[in-house]
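Chains as they are written, first to last, in full-length UniProt numbering: chain A, 1 to 504; chain B, 1 to 504.
Honestly, the hints are just simulated from the structure, not real lab data. Think of the CB as a built atom: it goes at the ideal place given N, C-alpha and C, for glycine as much as any other residue. Keep in mind that a hint or two might mislead.
[Stated by the list, open to error] Incomplete in silico selection of chain B near chain A, CB under 10 Å:
{"hint": "1", "residue": "S195"}
{"hint": "2", "residue": "L293"}
{"hint": "3", "residue": "G322"}
Number of protein chains: 2
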Amino acid sequence: MDISKIIDKGFLSADSKIPLYKQIAGLLAEKINNRLLPAGSKLPPERELAVLLQVSRTTAINAYRWLEEQGLIITKVGSGTYVADLLTTLPPNPSVPWSQLFTPSPNTQLSSILRELMASAYTEDSISLAAGMPDPALYPLKHFHRLFSQQSSHLCAAELGHIPTEGYMPLRRILAARLLTKGYDITPANTMIVSGSQQGLYLIAKVFLEPGDYVIVESPTYLGAIQVFSAAGARLLSLPAVNNLPLELLEDYLVRYRPKLFYVMPTFKNPNGRVMPLAERRKLLELAAKHRLVIVEDDPYGELYYDRQPPLSLKALDPFGGVITLGTFSKILFPGLRTGWVTAPETVINRFALAKQYIDLHSSNLSQKLLFDFLAAGLLEDHLHTVRTEYTKRRDLVAGALEQYCSPHLTFTLPAGGFYFWCTLSQGLLTRQLLHEAGKRGVSFVPGEAFYADAAGAGELRLCFATHPEERLLAGIRRLSTALQVLVDSNAGSQPRPAVTPII
Amino acid sequence: MDISKIIDKGFLSADSKIPLYKQIAGLLAEKINNRLLPAGSKLPPERELAVLLQVSRTTAINAYRWLEEQGLIITKVGSGTYVADLLTTLPPNPSVPWSQLFTPSPNTQLSSILRELMASAYTEDSISLAAGMPDPALYPLKHFHRLFSQQSSHLCAAELGHIPTEGYMPLRRILAARLLTKGYDITPANTMIVSGSQQGLYLIAKVFLEPGDYVIVESPTYLGAIQVFSAAGARLLSLPAVNNLPLELLEDYLVRYRPKLFYVMPTFKNPNGRVMPLAERRKLLELAAKHRLVIVEDDPYGELYYDRQPPLSLKALDPFGGVITLGTFSKILFPGLRTGWVTAPETVINRFALAKQYIDLHSSNLSQKLLFDFLAAGLLEDHLHTVRTEYTKRRDLVAGALEQYCSPHLTFTLPAGGFYFWCTLSQGLLTRQLLHEAGKRGVSFVPGEAFYADAAGAGELRLCFATHPEERLLAGIRRLSTALQVLVDSNAGSQPRPAVTPII
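This is chain A alone, in the form it adopts within the complex:
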């Protein structure tokens, strides 16, 4: 075959560090591997190759020798040089029965929702009020750029090798110091860096939960937590959605089921924005101490308050050391850092580290180092002030718009912090049908069912007001109101609301 069509001497460079024969062999190897030179094709004799590529004959010989060593070509004496058959001749290939080999899959219905949310945060055309994302326009990237380029000296190579599984120590220190001022009674040894608080939840499940263990959750509560605990085989006990934490029922649960954990988001709870009052926090901690209950306190939104600072965290109030608290920079800075933290007694941190070592050795030091520089430069407080101000405006705007366009068929309570409006449709309207109509009109949200372990919430939905600038938010609410009107007119309301509905 005419090899000049396939390899061109233009690709060769005499002054490259790579010897000519290797450059030639490399080019040929690539064509052979790509099947551009199919098995069995005859290659030109070394002399011809040399002329064709204007290289010495020795170079051509070496190139072929190298290819032969690689098993890519075969020289048949007296016949010539041929491309070898890369695939040994085999019986017709049985395909691998992958599905038989997989371990049982975790409940994938809920998880597929979360993944769709993350994807939906992409689509250009439609306005996603679904994913709980901060507004990219508010990421403090210019600071990060400045820090990174400044730090040429500081970003020392030694810190980009392997670091301890627990995290980059300077970051653990500055984080612990910050948490101290919030009343946490901790040291850096109680503080571990994780790849987003999602990984914190995963480690907790990995270290504490065996199939059949009980975990108490609020309802509604964070989708991701339900998923991780269910995937670990835990049985979830939902506390009913009432105005106050039902402490008597909780105590019943503690006595009857001896649950391993109580997962709670006391401040600006995802999805409904609830803040647990100080008095309730103290009662909960008394109960926990009495029953030696381990509390998993998830606090991604505590810094994002729009009216007044929320009460002290459970961790800060915890008198008996049974609280594990999760935090993250994904909501206050940007998710791409993949950096969150866990605070817990040292004995627990040690077990987390042991488990995390198998999972990823340690989290990205690049992110940890940049984050440390950002915190050390004292840039966080101003940034928090900026986003609080901006998100307050957006919350008030959306509140107004919902009143104006969606009432009376949609009601809500004003969130005092966090990212979300938790809305209830008037009797008989189903959020899943609303989502269907909304999707057609280019707006999305999360149906309430996603936040219940027991498939309630068919008439509720979550709207995120953080991700988009005001005009876009307004447009989103208008589209939502159109969808809502269509739903109302179509008398979808006439159908009874199913008692239990599978998650879409």
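Starting from the structure of chain A, add chain B where the hints point.
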């Protein structure tokens, strides 16, 4: 108490965005939370506070009101204002029985070794030939700095939110393109980004292994793989350490145990540098196809060849689609990127993504973006050429030094690539005793036992020649030779080598 000792008006700034009363309240809250103002301390009346801090009385009143709302202070009518007791009065605290709550711990002996290695890569004083780390002096950081500061425009915010679990698509594409030129028959959909190949191993264990499943491993083989598979409850079948892959025994295993996986590092195997010849690779693949065996090919060192390019990877030769291949940038660039990849059939990638989503949603996009920029700028090939040249020098230097200083009591074969010398002590000498002596003289290595699933290797050890510059390597070998001489003289050789030894 004299509050002026504790809070100083110097801390207050009239032109801050934060209102004065909140600044004052914040300062006091911090002191209270830090117990600098202990529970029960009496605070000055509002009038006094106003005078003390030179603020209006209203400001003082608002500060106290805010603190009271927070539950941090209590106003007793007619008596005054006191710091509240943050800890509710409780029965004497029972501590949490953590150890009863933990899930069974994975075998921690081996894992503690790996963690010590990572730690030992730190110590300034001693020379670690233990950890398999590239030399930090060779990290191409200046390129990364340039890219990052240039990319201010490119590092667009949209890419730093959440991205798909499978990874940053531009990186997946450029990676797949690169692997194509190495004969991989894949698309980006077959390529998933993971947080270091450690996470790839973890995902494989998570998706394929249930307790009691069999996994075939070479011996010696990579410590981290043994750990992850054991932690998943798998039973490991070791192929004996012989010159060629014992294919007959392998087939026996396949028939008798129907193993889920065969974990193999065909190129520059960690620890002993072995390269599986092309013919053997083809025989292995025939066997795999015949028995529909899933092969996990770990290839961290394939790019680091010092004599000639190694044979095509199993993935490139695989005719039946049963090979899952792991790669990483930790060895060729730097570990701090925490970026590796997995190539597998799409159905397998989908299951990996489902599992990874629970673990960390996705890997750091910051790392993925920077890595993409580095690859897109075409900087990898030159960097590889640089490190190959440098590591070749070091390999030859260490080979010479071992000959000169450590023979005849220590023998080795010259590695054709990768990071390690695999050495054997003369009959009767135990590497664990050598490690003890070596530690005292400021040099460390990994004892051979760490690389066997069946606790063999008491007379073998692994030396990494990549991490340090030549002088330091030489110093390390000299220290090692002194330790070796001491061991020889002390006739440690007289003790019989134990048949089976627990891992230290």
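Hinted contact B:S195 with chain A - closest CB pair below 10 Å: 4 Å, holds
Evaluation of the interface hint that places B:G322 against chain A, nearest CB under 10 Å: 5 Å, holds
Interface hint for B:L293, Cβ within 10 Å of any Cβ on chain A: 9 Å, holds
The structure fails none of the hints (numbered hints given earlier).
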